[in-house]
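Given only the sequences and the hints, what does the whole structure look like? Please build it.
First residue of the sequence shown? That's 27 in the working numbering, and the numbers climb one at a time after it.
For the record, the hints were derived by calculation from the structure and aren't laboratory data.
Errors might be hidden in some of the hints.
To be verified - Quick list of in silico lysine-lysine cross-link-like pairs, DSSO-like style, CA-CA up to 30 Å:
no. : residue 1 : residue 2
1   : 275       : 248
2   : 303       : 275
3   : 275       : 215
4   : 303       : 215
Unchecked claim - Between beta-carbon pairs, the in silico distance windows are:
no. : residue 1 : residue 2 : range
5   : 99        : 44        : 54 to 60 Å
6   : 375       : 277       : 48 to 54 Å
7   : 359       : 214       : 24 to 30 Å
The beta-carbon is built from N, C-alpha and C at its ideal position, and this holds for glycine as well.
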Amino acid sequence: MLTQEEEVLIPVLRERFNQSYTPDGYARLQRHLGEQLGASPGFRVAETPCFLPRELLDRCASIGSELTLRLVNDPGYRETALAAIPSGFRAPGFTPHPHFMTVDFGLVREADGSLSPRIVELQAFPSVYAYQAALCQAYRQAYDLPASLGQYLGGYDEQSYWEQLGRVILNGHPPEHVILTEVQPERQKTYPDFALTARRFGIRIVDIAELVLEREAGQPAKVFYREGRELVRVERIYNRAIVDEILAKHIDLPFRYSEPLAVEWAGHPNWYFAISKFSLPYLDHPAVPPAYFLDDWLRLSGEGGLPPAVAALPRPEWILKPLFGFAGRGIEFGPTDEQIAAIPEADRRGYLMQQRMHFAPVIDTPFGPTQTEIRILYLWPDGGALEPVFSLTRLGRGKMMGVDHNRDQEWVGGSAAFYEESGST
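In structure tokens, the structure reads:
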């Protein structure tokens with residue numbers, strides 16, 4: 027049990043880092059990261075890594091695994107989630123489980139002063155698996171971090187981590203027949219992660235709008251990409267394209283998600299919807315803040331059907347979120363009656379009302395105590411098991427933790443978690 031703030035901070039490491047920090051060290055961090063990526067990331071990198079106890083990371087990883095398996099192994103939930111996928115984006119060939127899983131946690135202060143993790147969001151979609159490994163290495167090089175500090179989870183080390191990531195992305199296919207697809211990939215802030223992934227595994231990066239399809243009556247469509255003047259068959263797609271962005275940018279795709287394609291998906295598109303903010307109202311767990319679909323919340327509020335402790339929450343203690351928005355878009359803190367009423371009744375099932383969590387600022391920085399959000403990254407290969415492999419952290423001092431929302435501050439942004447190996451000092 028984490029009973030004191032000092033247990034989270036690992037004070038010796040925190041104090042040592044803060045005292046030795048110089049702007050030159052941050053410049054080295056950026057230089058080392060740029061050398062590994064071949065480019066600068068499109069978002070702010072925090073000056074400091076986070077030093078967190080292994081116990082905390084393992085606890086978060088265990089909660090995320092438990093809830094993911096609960097959803098995946100529930101046929102009723104799977105059917106409900108599949109039916110909720112927007113029309114036209116329900117893809118055939120739904121895989122038995124997601125290949126990628128991320129679960130975000132914040133730390134809250136309990137009444138007795140202890141700290142506990144609370145789920146912010148869970149998403150069956152890839153994160154920056156390659157970039158995060160490079161960031162950890164850059165922190166190590168720039169600040170000469172002790173070799174005794176660990177970064178991988180689930181018993182993995184550097185070699186086995188990359189092997190497992192390759193296993194999930196390639197699934198035994200020749201690299202030239204595996205592609206990473208995204209909307210206008212070279213314009214994405216995460217492009218350095220794409221590029222590093224492509225170099226590591228020999229796969230191609232292809233704009234999803236530039237795929238070429240060959241259709242034959244009664245057969246799944248064959249998928250190709252262009253390599254100069256040649257068309258190369260695609261056997262597996264590492265899917266990084268988010269439907270929200272396809273719709274927002276009015277991208278004209280050469281295929282329909284609902285049509286059969288003669289490819290494997292590394293990250294089947296349906297899972298982006300099936301395990302997401304949509305899942306939160308179906309999860310009854312101490313680490314999951316109360317969450318309701320907006321139409322249910324309005325109905326239960328009117329009928330007096332909310333649990334007393336939930337009904338007593340004042341409006342500022344609620345957050346209104348669109349179910350399938352990303353990067354914090356469309357979120358309202360303490361939504362007013364007018365903002366809620368402005369959502370058409372037919373659309374209210376597409377919004378979530380969630381209790382707001384007040385995250386404890388537990389990272390000591392020159393600009394004062396700072397909050398951290400912990401993301402656990404999982405891999406789930408075909409024929410294998412769901413396993414946590416890595417973590418990343420984000421630092422912020424505002425309402426929202428996303429790197430886009432902390433860009434004008436220092437000692438905030440994307441970061442990495444290191445823990446002390448057993449027996450180290």
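Comparing the hints with the structure gives:
The straight-line distance between the Cα atoms of residue 275 and residue 248 is roughly 26 Å, inside the 30 Å bound, and the hint therefore holds. Restraint check for residue 303 and residue 275: satisfied, since their Cα atoms lie roughly 22 Å apart, inside the 30 Å limit. Between residue 275 and residue 215, the direct Cα distance comes to roughly 16 Å. Compliance with the 30 Å bound is thereby established for this hinted pair. A C-alpha spacing of about 23 Å is found between residue 303 and residue 215, which places the hinted pair at or below 30 Å, so the restraint holds.
Taking 54 to 60 Å as the suggested C-beta distance range, the pair residue 99 and residue 44 does not conform, at roughly 45 Å. Residue 375 and residue 277 have their C-beta atoms about 25 Å apart, which leaves the hinted 48 to 54 Å range violated. Between residue 359 and residue 214, the C-beta spacing of about 27 Å keeps the proposed range 24 to 30 Å intact.
Comparing the model with each earlier hint shows violations of hints 5, 6; every other hint is respected.
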